[in-house]
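Protein chains in written order, with the numbering used here: chain A, 198 to 467; chain B, 21 to 304.
Just so you know, these hints were derived from the structure itself, not from any lab.
Where a beta carbon is used, it is the ideal one built from N, C-alpha and C, also for glycine.
Just so you know, nobody snuck in bad clues.
In silico BS3-like cross-links for lysine-lysine, where the CA-CA straight-line distance does not exceed 25 Å:
{"hint": "1", "chain 1": "B", "residue 1": "Lys-97", "chain 2": "B", "residue 2": "Lys-23"}
{"hint": "2", "chain 1": "A", "residue 1": "Lys-434", "chain 2": "B", "residue 2": "Lys-144"}
{"hint": "3", "chain 1": "B", "residue 1": "Lys-213", "chain 2": "B", "residue 2": "Lys-183"}
{"hint": "4", "chain 1": "B", "residue 1": "Lys-183", "chain 2": "A", "residue 2": "Lys-434"}
{"hint": "5", "chain 1": "B", "residue 1": "Lys-152", "chain 2": "A", "residue 2": "Lys-434"}
{"hint": "6", "chain 1": "B", "residue 1": "Lys-55", "chain 2": "B", "residue 2": "Lys-97"}
{"hint": "7", "chain 1": "A", "residue 1": "Lys-434", "chain 2": "A", "residue 2": "Lys-345"}
{"hint": "8", "chain 1": "A", "residue 1": "Lys-257", "chain 2": "A", "residue 2": "Lys-268"}
{"hint": "9", "chain 1": "B", "residue 1": "Lys-152", "chain 2": "B", "residue 2": "Lys-213"}
Selected chain B positions facing chain A (Cβ under 8 Å, derived; list incomplete):
{"hint": "10", "residue": "Asn-78"}
{"hint": "11", "residue": "Gln-118"}
{"hint": "12", "residue": "Ala-121"}
{"hint": "13", "residue": "Glu-126"}
Output of the computed footprint for chain B on chain A, the stretches with three or more beta carbons under 8 Å from beta carbons of chain B:
{"hint": "14", "segment": "355–361"}
{"hint": "15", "segment": "412–419"}
{"hint": "16", "segment": "425–437"}
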Amino acid sequence: MLRDITLGQYYPSQSVIHRLDPRVKLTATLLFIVSMFLFHTFVGYIIAGICLATVIIISKVPFKFMMKGLKTIWFLLIFTMFFNIFLTSGTPVFQWRFITVTKEGLTTAAFMGLRLFFLIIGSSLMTLTTTPNQLTSGMETGLRWMKKIHVPVHEISMMMSIALRFIPILMEETDRIMKAQQARGADFEEGKFMDRIKALVPVFVPLFVSAFRRANELAMAMEARCYHGDEGRTSMKPLRYARRDGIAYLLLLLYIVVIVATDRVVLGLL
Amino acid sequence: MIKASKLAYEYIRRDEEGNVEGIVRAIDGIDLDIKKGDFVAILGHNGSGKSTVAKEINAILEPTEGVLFVNGFDTSKEENIWNIRQSAGMVFQNPDNQLVASVVEEDVAFGPENLGVPTDDIIKRVAFALEKVGMTAYRTSSPNHLSGGQKQRIAIAGILAMKPKCIVLDEPTAMLDPNGRKEVIATIHELNKKEGITILLITHYMDEVVDCDKVIVMDNGKIVMHGTPREIFSRPEEVKKHKLDLPQATELAYELRKDGLDLPEGVLSVNEFVDAFVSEYGKK
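The shape of chain B in the complex, shown without the other chains (with noise of 0.2 Å):
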């Protein structure tokens, strides 16, 4: 679905003639291969490349150095830009500034308007788009009065509509309460499993990248880690070397075991940390 090898970006700062002042390595030979129907995270603290990865991926950036399939469209390519962007839609961070339309389905209609899609199917797909994200009740309200998170299901609705093969969010919760941020992460996997859309989900929330199946860990623009959450957070020191948190319950079950307590390592969630603390010391 996406595949990449040694991928490379540089922003390039210039001054007020045009001469160069500085390089900035965004991203330096990354290799990735991300099959159908997987959910991937990218976990990386601020400045580590991977919102960059997502406009390479977009087409929205031309890489600088290596190359870039999504799809089996090469991403360096003019003429592929559209059939990308169909196959791999992106959602980006701030709900507000993504939505076009001041009436939801125009919104979500937006997208298959610029495929050219004829009339009959644009209205079927928003309607199955809407459903798909549960917002089916806030067809014809202004996106103005919706909440943050029903703001981001819309943004994924229109991208839904446009019957992309792959998903990208770029950090898609980050601005978004609580209970707004499991609303979206809920209809991401259900996406997932129900529709086998790839999901390449960029995001620092460490809670969020529990339930994925892969998960990439950038810094410095390379890839420093991958692999299943329990493999990734069963080496808390080297998660932690890259600035990043632990889940919450993989966090306490690591300083307990630093204290002495013997427990498992890799821990993911609440009920795992029960489980395996009640099998230790519960009989006691």
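Chain A extracted, bound-state conformation (with noise of 0.2 Å):
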């Protein structure tokens, strides 16, 4: 069933990886993916491929799980891997023709496809372990300081809640117009590409102007229940640090710190 979609891969478990304050994740998930440009030899990429498996290991989520987060990029990773392996220069290790593979291709091809696939799987380790609903709650709370420099943190949280809300509705929406149109001769399985895209015009015409009605009504509603902004606004689940939540951001600090500095020692010694 269409309404049995969940946004996001959210893997429920009870690891302490899942029940850290999302602000620590989202910190976590940023300063991850900034550290993975701050080092620049292959020592990096072991303390790094090291934490994220400890990491994993914690959070109980199945590796199988993961790798589906890896199926979309599979094509940039090997369109990456493959450009950086044919059009670097530097020492030819290999010669056919016009295809020249140089060492210096090889290694950046493998440092870039280890990038990417880190990057990839970090962040999808933080959706997979945090709800849809905990991300935005810890973005309106995380980001609350963004305030004073007029970044509207409540409005852009509350619109996103609004929107995982009614995703699957308009999706089941999407659903009765199609068949309604079905029903009544249109046909959207056959014909080009082009033809199929048109038939879908129509369904799309209904689709918006329902969706425009609903926000209406919802506005209304929201009114009525004395929905004015966030001003004066409290929360029925308000982010609490724990201890848990202390520790892993010193271990962030450190991992960070050691990232960086071992870096600066392979690299005084290479």
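Got two chains here, each in a separate frame; can you build the complex from them with the hints?
Encoded structure:
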């Protein structure tokens, strides 16, 4: 059923990682991504790999599940590696007609591949261990300081949570509209690609109309329930840091320091 | 609780340049006096202005003419809006388009959160409200997995958590199946009796009206009939003139009486009909 789809790819479990404050996980993901660009030697990859593997093991998310996230970028990964292998100049290792493979090409390709792989695994680890609701409230509280520079943080997170609520409803509605039109002879499955795209236009028109009507009604219902922005608003489940969150921040700091320091040392040795 | 005198509202249709194209007088000089703890139903066919009355009471619309006081607050004054909306909560027709959060308890908490209620108190209110509508078991479910009647009960709980004095329901059962309809009507009757909450039920299902304290019939933006359900349905011709149906039992008694059977006026339920019929014709 369409209404059973879940956004993101949350993997329910009771691990420490799951129970961490979403703000910690957001910061950690961000810093992990940044850290990918902080080192230049293979030692960095080893350290990052070990840390990532440890977190995955603690999170109890099966590795098979993690690989699902890679499916979509498989092509990008191959593509990047391919160009790096063949188009980097340097000392040649292999030559056949106009194709040259260089030593530098191979190493950059391996490093680029690994980097992308880590990036994807690292960020999907966050979405796997955090529900979309937690993520939104984490963003709202964690980015509150941005209100000072006039970023409507509360409004953005409210929009995100409403979108989360309405995406399944609109999916179901699309399904219903398509069926209603199929019942009257519309054909969505045959014909050329362009024809099929054109056949979808009559689906989207009523869908948009109904989405706007829903938005209108929802806005009225929200106002009737005294919604007036985040001014003076409280929360049923306010985010509070626990001790494990402090420890997580410390470990994160340690990770960054170690990765930068070892990189400097190794670079010096080379 | 709710007091209106000579209340009127006009929808102004404008063309693209903003010139007035036409004025529709949705409600036209109505007087209302709803007391605390009353269960009042407003009846009327489509376009009779009954939904506009609901929006007026919730201060979503401002009166064009006349005055409307809700819980002692004047709805035309901007500074009263939040007080009015807190004391007169509103439940809408479409159950999907009024739930905000994707978890039941978070949706119920939405109202109190907006009011700035402290966290501990919100948790208590949510538990109380969900218990009152009998949805405690679904606390952590997603509204998408609930039936229409259940969603509508969640919407009622969301209002209840704001501790209102009055709940206005604008055709809450129009999109529900018969079971969901029963659930919702039973819930609001219980809230009225046990919590003493004033209920204003806007509907066009006659069978929901039978158990109310008072019925108001609207047509063309005016109040055309008012009284107890028995008083209203004792005048079947007048009800029909305003393009409304009669409850099934009333209709049957009315048709039979027209054919010369000796049945009393104002029969409201199947049981009453059976009693009246048996006492008149049972022995023969």
